[in-house]
Amino acid sequence: MSTWHDYLKEQGHAPDWPYPIRYDKEQEIDTDVLVIGGGIAGCWAAIGAARTGLTVALVEKADTIRSGAGGPGCDHWCNAPANPLSNVDPDEWAEHMADRPYSNGIGVQIQCREDWDTLLEMEQMGGKIRDTKGEYKGAEGRDDKTKLMISPRYTRVHSYIPGMVKPVTFKSNPDQKLNNVVIRVWGTTFKPALKKECKRLGVKIFDRVMVTSLLTENGVQGGRVVGATGVNNRTGEFMIFKSKAAVLATAGAGSIWNISTELGGYSNMMSRTITGDGTVMAWKAGATLTKMESTGVLRIATGYKHKWYTGAGDASYENVPLVDANGKRLPYPIQGWEDAGAMVPMPQVEEAIRKDILSGKYALPIYGDFPAMPDVERRATWNLMLGEESTTKIIIDTFNKAGYDPGRDLLQSYKFIEGSSLAQWREAGYGGGLLVDWNLKTTLDGLYAAGTQMFAPEDHSYAAATGRYAGRKAAAYARQAGETGISREQVDREKARVYAPVKRSSGMDWKELHAGIARAMQYYVSEFKTESLLNMGLDTLRKIEEESVPLLFALDPHKLMRSLEDTSLLTYGQIIIHASLARKASSFPLGFQRIDFPAMDPPEWNKFLTIKLDNGKVKTATLPMTFWGNMKKQYEAYNKDYAGVYKGK
Amino acid sequence: MPEKKVIAMPNITSPNKPVNFNPDICNGCNHCVEVCQIDVYIPHPQKGKPPIILHPEECWYCGCCVNDCPRPGAVTFNWPLQQRGYWKNKATGEVHQI
Chain A
1 MSTWHDYLKE QGHAPDWPYP IRYDKEQEID TDVLVIGGGI AGCWAAIGAA RTGLTVALVE
61 KADTIRSGAG GPGCDHWCNA PANPLSNVDP DEWAEHMADR PYSNGIGVQI QCREDWDTLL
121 EMEQMGGKIR DTKGEYKGAE GRDDKTKLMI SPRYTRVHSY IPGMVKPVTF KSNPDQKLNN
181 VVIRVWGTTF KPALKKECKR LGVKIFDRVM VTSLLTENGV QGGRVVGATG VNNRTGEFMI
241 FKSKAAVLAT AGAGSIWNIS TELGGYSNMM SRTITGDGTV MAWKAGATLT KMESTGVLRI
301 ATGYKHKWYT GAGDASYENV PLVDANGKRL PYPIQGWEDA GAMVPMPQVE EAIRKDILSG
361 KYALPIYGDF PAMPDVERRA TWNLMLGEES TTKIIIDTFN KAGYDPGRDL LQSYKFIEGS
421 SLAQWREAGY GGGLLVDWNL KTTLDGLYAA GTQMFAPEDH SYAAATGRYA GRKAAAYARQ
481 AGETGISREQ VDREKARVYA PVKRSSGMDW KELHAGIARA MQYYVSEFKT ESLLNMGLDT
541 LRKIEEESVP LLFALDPHKL MRSLEDTSLL TYGQIIIHAS LARKASSFPL GFQRIDFPAM
601 DPPEWNKFLT IKLDNGKVKT ATLPMTFWGN MKKQYEAYNK DYAGVYKGK
Chain B
650 MPEKKVIAMP NITSPNKPVN FNPDICNGCN HCVEVCQIDV YIPHPQKGKP PIILHPEECW
710 YCGCCVNDCP RPGAVTFNWP LQQRGYWKNK ATGEVHQI
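Chains A and B, in that order, give the protein sequences.
So the first sequence is numbered by the working numbering: it starts at 1 and just counts up by one.
So the second sequence is numbered by the working numbering: it starts at 650 and just counts up by one.
FYI, nobody ran anything at the bench for these hints, they're computed from the structure.
In this text, all values refer to a predicted model and were calculated from it rather than measured experimentally.
Beta carbons: idealized from backbone N, C-alpha and C, even for Gly.
Heads up, incomplete: computed chain B residues facing chain A, CB under 7 Å, no partners named:
1. Thr662
2. Gln686
3. Pro692
4. Pro694
5. Ile702
6. Glu706
7. Cys708
8. Trp709
9. Cys711
10. Gly712
11. Cys713
12. Val715
13. Phe726
14. Tyr735
15. Ile747
So here's chain A without its partners, still in its complex pose (with noise of 0.2 Å):
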């Protein structure tokens, strides 16, 4: 039953399509102001926007109510220092975060100022942001006053970063209280309530429409964006949309280094449609982009290991203490109140203990010992945290239902057993992409970007409160926009583009060509690089494009979809590869290692190395690492209108 296979047998035949097939067909949108991509970022970005009155499309590849990388769910709210239980002050915090190497200080600095404002909001909408029903009563962290959850994460330091460790004591916190900036909040009932406030404003949402190109006036590459061209997923219908002003949300791109085609889904550290798609059109419209060729081990199980979270870490890698098989303590941070610290400890610390599970001190499996810990903190851990994160309520559910109860049961952790993913397994979902000024306005007029479509992006708070700002600015600058036309030419280009893999019925499927890409990045653009390497690397995706892209088939607008975001793969590799080219020095923090220029982090190299087309010839050039300013003044300069919670209807 309900597998496709069984259909067949049962029925005899395939079943049909269901969807009305309307390739070719077009629908034609017009709207003050456009938000691509209805994830966290998108969803905000939106009712930013709305609010103010103008016209607004959402458009969404999936649904709105769940889609995105925080659909799901979302466990903290982290990085809120204007919350009235802190005890460090916003700019001090974002400052203290822009501080990590090659961090994006407009995007924090918005955050830590705006994203208590954007909670209460949430909670307006109908978030549950806190312990209402008392359920966590004694939870350490719990203002009883409030009813706020404060988590443990974060609340010394934001950030362990290896080999640049320094105390950091706060003038906004002189006697070191803990700083309480993270607060823990009932996140799956988030996605579904933006949905419904999009539409209470009466945003106009596009579900199951993918974005494929950005219209620029006149078709001019680095024009004003004046609109959008995009394909239904399940009926193929071409969407052309108008627009005075665009704000980007789409989110980087996951497994370009790596895919398991039978377990695709896992292959990708966020959400399956997390392809790159926005940062490519960025590209293409003449956008600039930065920090392209950071890139990272890929985190995730991708189906070759055991998955938790999104196939990260473990269950018990957080708040639980780790025990060996004969229940001795591993001497490793929990990050829960008894270390309060940053999520990731210290490579040092794991390397002591796999040297001790080698010489034979602690027996493998590891556990988490939910059952030593107190009950309440136990519940926090098990039925809050990770109940409420993306992927994880249904995690958690399988396990009680199967039996297993934390106040009695060991979980298995699968650290130590599995080790890290192979080191040309890469991702790049966390790097690079738009670069933005403080209107968070790309280098593009008409265009905004918010949330993981900026360069150096953080987590579910940061993308809400860009997503928030990034709409406020773009109505603002809708709103004095003359009229524009699009380019009828540019339209009938995409179109061609767009359909070529149905009009075929044989050749080349999407998971094919994606893993031609994937191996092509990991033998030439891995751990280590070097010019001639890079060189082969551009070669390889060169002689893809002009040889396997012409032979993908797509059988349905699914299967479209997928093919179309392996052309954004394609070309998202190559941006990498341009920039890996152009930065000649190694870098720890970029995960950046050129075996031709060794010398790590050199001083001249300390900067952004941006990067765009410029009537079709890439142009690189750098950007001092603080190229923001002052963040605190930056930010009032820009914000001198800002009203603070809404208020309005």
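Got chain A sorted already, so can you dock chain B onto it with the hints?
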């Protein structure tokens, strides 16, 4: 062994059941089809029947289809065998797997 009709089938994509539907509880409302980010499912051609799992290999196991199902028990989560977690009873040492 009773005679069995054998047809020629290619190897089918597997694992291919990220969830199990209970046709006695599921009324084919297709809410799971709508909340799925991936379009793992399509509606069944016959109204009232559980959806068809069309793209199981694209599932990222976010669980929204199960979490948001309006009829509890109509759809249950089903990790591929190799992804199922283990636990141990702290007192007895007995090991279990999902």
